[in-house]
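Mind docking chain B on chain A? Use the hints.
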Amino acid sequence: ETGVTQTPRHLVMGMTNKKSLKCEQHLGHNAMYWYKQSAKKPLELMFVYSLEERVENNSVPSRFSPECPNSSHLFLHLHTLQPEDSALYLCASSQDRAGVGDEQFFGPGTRLTVL
Amino acid sequence: AQTVTQSQPEMSVQEAETVTLSCTYDTSESNYYLFWYKQPPSRQMILVIRQEAYKQQNATENRFSVNFQKAAKSFSLKISDSQLGDTAMYFCAFIPYSGAGSYQLTFGKGTKLSVIP
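As they're listed, the protein sequences go chains A and B.
All residue numbers for the first sequence refer to the numbering used here, where the first residue is 1 and numbers rise by one.
All residue numbers for the second sequence refer to the numbering used here, where the first residue is 1 and numbers rise by one.
Keep in mind the hints are simulated off the structure, nothing from the lab.
Wrong hints could be hidden among the right ones.
Stated by the list, open to error - Straight line, CA to CA, 27 Å or less: simulated DSS-like cross-link-like pairs of lysine-lysine:
(1) LYS109(B) / LYS22(A)
(2) LYS36(A) / LYS109(B)
(3) LYS36(A) / LYS18(A)
(4) LYS36(A) / LYS112(B)
(5) LYS41(A) / LYS109(B)
(6) LYS40(A) / LYS78(B)
(7) LYS40(A) / LYS73(B)
(8) LYS41(A) / LYS73(B)
(9) LYS109(B) / LYS40(A)
(10) LYS112(B) / LYS41(A)
(11) LYS78(B) / LYS55(B)
(12) LYS40(A) / LYS22(A)
Looking at chain A on its own, in the form it has when it is part of the complex (with noise of 0.2 Å):
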């Protein structure tokens, strides 16, 4: 595998389950985020990991849950989530800081649905 990879890339849940979107990255980069894409909105920024400590936290609500136990993955916990949940998650890494003019790497996206 190359890049970055999400699993799954697709999924559906009531809202009482539980359920967690991985990201793997082989890059070797240093910074991992979450982002929330839906519908006519400019992707909106959730987690942002470096070095594995959560250095951003866009006031997102806490049904959303993030982990990175090492450099290469990223987890985001979902945990009775509401239908507005619903939306294109995707995962993305960088070597550095997009402010020192370093591209982000996007995965593919978990399309999530909640029922």
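Leaving out everything else, chain B in the frame of chain A:
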């Protein structure tokens, strides 16, 4: 707070023609980075081109070039000799240089470009 505006939700272009996608942004910062990302249908988002604000010269990458007008806070993307594989959503993004929150890109809503055979 920074904002990024892409005023064209959808555009189309004939194959082999040239098309320009618009992006404007609002910031009080003097140095920053601007990016164009491309998201093809059902495929991963990739970087098309980036520009550092203190560099006067417009960035180019093969058929892709930008027209960066710092005073006007405009950062348009020109695609020359359009190809079917250029069909995608295009996102403009902004970040201040290396300050607090320098992991957080601000994205526009995107422009859906269709290349017509």
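Evaluated hints:
no.: 1; hint: LYS109(B) / LYS22(A); result: holds (26 Å)
no.: 2; hint: LYS36(A) / LYS109(B); result: holds (13 Å)
no.: 3; hint: LYS36(A) / LYS18(A); result: holds (18 Å)
no.: 4; hint: LYS36(A) / LYS112(B); result: holds (18 Å)
no.: 5; hint: LYS41(A) / LYS109(B); result: holds (5 Å)
no.: 6; hint: LYS40(A) / LYS78(B); result: holds (23 Å)
no.: 7; hint: LYS40(A) / LYS73(B); result: holds (23 Å)
no.: 8; hint: LYS41(A) / LYS73(B); result: holds (21 Å)
no.: 9; hint: LYS109(B) / LYS40(A); result: holds (6 Å)
no.: 10; hint: LYS112(B) / LYS41(A); result: holds (13 Å)
no.: 11; hint: LYS78(B) / LYS55(B); result: holds (18 Å)
no.: 12; hint: LYS40(A) / LYS22(A); result: holds (25 Å)
Consistency note: the structure conflicts with none of the earlier hints.
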